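Trainee: If you want the building blocks of each chain, they are given just below.
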Amino acid sequence: MKIKLLFVLFLCLYLVIIGRLFFIQILFPFKPDKDLYLKTVKLSPERGKIYDINKNPLVLNQNSYLLYLEPKKITDKLKLTHLLSEKLEMEEASLEAKIDQTKDYQIITNGLSDDKKNEIEKINLPGVGFEYQMRRLYPEASLSAHLIGFVGKDDNGEDIGYFGLEGYYDKDLKGMPGFLESERDIIGRPIYIGTQNRVKAEDGRDLVLTIDKTVQEIVKRKLLTGIEKYQVKQGCVIVADPYTMAIIALSCLPDYDEEKYYQFSENYFKNSAISSAYEPGSIFKPLIMAAAINEKKVKPDTQMNEDGPVTIDDYTIKTWNDKYEGKISMTRILEKSSNVGMVWVGEKLGNSKIYSYLEKYGFGNLTGIDLQGEAEAYLKPKNAWYPIDYSTVTFGQGIAITPIQMIRAFSSLINGGYLLKPYVVSKIVSETKESIIKPKIEKQVISKETSDIIKQMLVSTIENAEAVWDKPKGYKIGGKTGTAQIAISGHYDPSKTNASFIGFVPADKPKFITLVILEEPKSSPWGSETAAPLFFEIAKELIVYYNISPTQ
Amino acid sequence: MKKIINIIFPLMIGALIFLNIFLFCSSLKLSDEINNYENKISALHRGNLVLEKKVSDLSSLKFAEKMAPFLGFTKKNAPTYLEKLNVALKY
Numbered sequence: 001m002k003i004k005l006l007f008v009l010f011l012c013l014y015l016v017i018i019g020r021l022f023f024i025q026i027l028f029p030f031k032p033d034k035d036l037y038l039k040t041v042k043l044s045p046e047r048g049k050i051y052d053i054n055k056n057p058l059v060l061n062q063n064s065y066l067l068y069l070e071p072k073k074i075t076d077k078l079k080l081t082h083l084l085s086e087k088l089e090m091e092e093a094s095l096e097a098k099i100d101q102t103k104d105y106q107i108i109t110n111g112l113s114d115d116k117k118n119e120i121e122k123i124n125l126p127g128v129g130f131e132y133q134m135r136r137l138y139p140e141a142s143l144s145a146h147l148i149g150f151v152g153k154d155d156n157g158e159d160i161g162y163f164g165l166e167g168y169y170d171k172d173l174k175g176m177p178g179f180l181e182s183e184r185d186i187i188g189r190p191i192y193i194g195t196q197n198r199v200k201a202e203d204g205r206d207l208v209l210t211i212d213k214t215v216q217e218i219v220k221r222k223l224l225t226g227i228e229k230y231q232v233k234q235g236c237v238i239v240a241d242p243y244t245m246a247i248i249a250l251s252c253l254p255d256y257d258e259e260k261y262y263q264f265s266e267n268y269f270k271n272s273a274i275s276s277a278y279e280p281g282s283i284f285k286p287l288i289m290a291a292a293i294n295e296k297k298v299k300p301d302t303q304m305n306e307d308g309p310v311t312i313d314d315y316t317i318k319t320w321n322d323k324y325e326g327k328i329s330m331t332r333i334l335e336k337s338s339n340v341g342m343v344w345v346g347e348k349l350g351n352s353k354i355y356s357y358l359e360k361y362g363f364g365n366l367t368g369i370d371l372q373g374e375a376e377a378y379l380k381p382k383n384a385w386y387p388i389d390y391s392t393v394t395f396g397q398g399i400a401i402t403p404i405q406m407i408r409a410f411s412s413l414i415n416g417g418y419l420l421k422p423y424v425v426s427k428i429v430s431e432t433k434e435s436i437i438k439p440k441i442e443k444q445v446i447s448k449e450t451s452d453i454i455k456q457m458l459v460s461t462i463e464n465a466e467a468v469w470d471k472p473k474g475y476k477i478g479g480k481t482g483t484a485q486i487a488i489s490g491h492y493d494p495s496k497t498n499a500s501f502i503g504f505v506p507a508d509k510p511k512f513i514t515l516v517i518l519e520e521p522k523s524s525p526w527g528s529e530t531a532a533p534l535f536f537e538i539a540k541e542l543i544v545y546y547n548i549s550p551t552q
Numbered sequence: 553m554k555k556i557i558n559i560i561f562p563l564m565i566g567a568l569i570f571l572n573i574f575l576f577c578s579s580l581k582l583s584d585e586i587n588n589y590e591n592k593i594s595a596l597h598r599g600n601l602v603l604e605k606k607v608s609d610l611s612s613l614k615f616a617e618k619m620a621p622f623l624g625f626t627k628k629n630a631p632t633y634l635e636k637l638n639v640a641l642k643y
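Residue numbers (the numbering used here), protein chains in the order written: chain E, 1 to 552; chain W, 553 to 643.
Next up, chain E with everything else stripped away, as it sits in the complex:
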């Protein structure tokens, strides 16, 4: 009897279970909410860090928190707005207006530091929550703003790099997100015997730059002083290794604060060193002179007669001070920066060769520097050139180039004749491997012999220049000044100039080449009185930093 009773009981239980299963699976199929027990979380990778050549950090990541409200859980709105506005330094009224108590979730602010988060947590306000994020940290503030760029948000609210290295290497820096799919119990703990899939996020790659933080600091400090002293609209300095075209420092001012980039207009983001085209003026002369020497059309001691202005079509070309020395050598043309002399050199070289050398020096093409935002300075097609264009280009007017194109072309004059691709990143480091970026020679523009000759001529240009500079004693320095008038509405305004200087130290085997460009200096329009002294100020500090011994 007992066994029969037990049997009936079990049978009833089975029938109930079968009935319930039939109800759940056939009559009213139950669709479980996957999120209740199967939790999929996106694992965000850490964005790659950026270091200088000596592994000093330029960009790191830092803890940051998004503060959100769950308005329905707020018990005392007045108290919350009062305390929160005090901590967040927000207007109490605007915070109060922001809170919509019909909503479940509202973002109030982001980018909160650990300390700020702890402070707010201590008040223990119901309805206030935090979400972990990461933000970029710049230990050296805006020391290299134009080089680095910044991290903003794309249309989907995801981090994305803009400008400079952040923009160019965004894919490398960003990394690959992973995910965690995990069965959880009612209180959110993972169920060990359930599904536990974890695909690890691959952190972004770190970048090691060719930039030297100390040189960058020297350059920026000096440029800032120069801009104030010469009352300049904007200025740029590029320091590079002429043998590799590794950029050692690059600074353009005014710049911006990378952490508060949203407070600046777009104009500030443009890196003039790679994005702005300008007429180079006399610093262009050595390029044409080297081409003429390379083609054996002239020698340093070849004489020409500088007896007055030259007339090309309807245009008259004069020297900068309208003074003429009669018979002068090619070296003297560079020393006194004679436009008339350069027109003569251009005629010797020939129009076709001038154009072909401009192409060889890389004008009209991107340099390929690994920074986002490089502009391709336009080189007119050959058939659009008038005779006057071939004359003016010999002294750097009538052609627009970017500063990075200029320093690259000039480096080829002093490094044995090689045109190299400029670069800023020397190593890309991931968890598993380290890729080293090597200097890339694109072509040989002039011969080694021509390079040695022009180098000597440039040393002589500095030693016998008409301007007197406070040069570091005992050092052989080569270089050239430039003053280019700025074209406004089809004509040149003599009061507005781009003053520039390009120089290298020590001349025999240059450790660095530096280009200084100052736009519209007000204290003096001349490169020799503005950009050149600034170059020597920078060179002095770099000589000490690199421990270069005097040779003279």
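Check before you lean on any hint, since a few could be wrong.
Said to hold, decoys possible - What follows is a list of derived Cβ distance ranges for each label pair:
(1) E:Q196 <-> W:G599: 19 to 27 Å
(2) E:K260 <-> W:G624: 31 to 39 Å
(3) E:Y546 <-> W:N600: 28 to 36 Å
(4) E:F28 <-> W:G599: 49 to 57 Å
Please keep in mind that the hints were generated in silico from the structure rather than gathered at the bench.
All values reported here derive from a predicted model rather than from experimental measurement.
Cβ atoms here follow ideal geometry from the backbone N, Cα and C, with glycine treated the same way.
Since the structure of chain E is already known, use the hints to place chain W on it.
Mentor: For chain W alone, coordinates are given in the frame of chain E:
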């Protein structure tokens, strides 16, 4: 035979129930551990970032500049270039 079955069957049932409870408790314990380690890893990572910031602050040029006056590096100690005298005499 019937006696043996009567002994073994409840024993097996008992063992199975015990095993089930044991497995359930173990899984709970392991889940807690997984959770615990996840939190610890995350806290370590955040702690690492804080330390990294402190190290970078100490090695920054801003900090060096701030410390320089206390270490005796003042503007008066800046090197004087002797060649400047020549320039002054000559011109």
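Trainee: When you take the CB atoms of F28 (chain E) and G599 (chain W), is the distance between them in 49 to 57 Å?
Mentor: holds, 51 Å
Trainee: How does the Cβ-Cβ distance of Y546 (chain E) and N600 (chain W) compare with 28 to 36 Å: does it lie in that range?
Mentor: Since the Cβ atoms of Y546 (chain E) and N600 (chain W) sit about 35 Å apart, the hinted range of 28 to 36 Å holds.
Trainee: Confirm or reject the claim that K260 (chain E) and G624 (chain W) have a C-beta distance inside 31 to 39 Å.
Mentor: This hint holds: roughly 35 Å between Cβ atoms.
Trainee: Given the range 19 to 27 Å, decide if the beta-carbon distance of Q196 (chain E) to G599 (chain W) lies inside it.
Mentor: holds, 26 Å
The structure meets every hint from the earlier list without exception.
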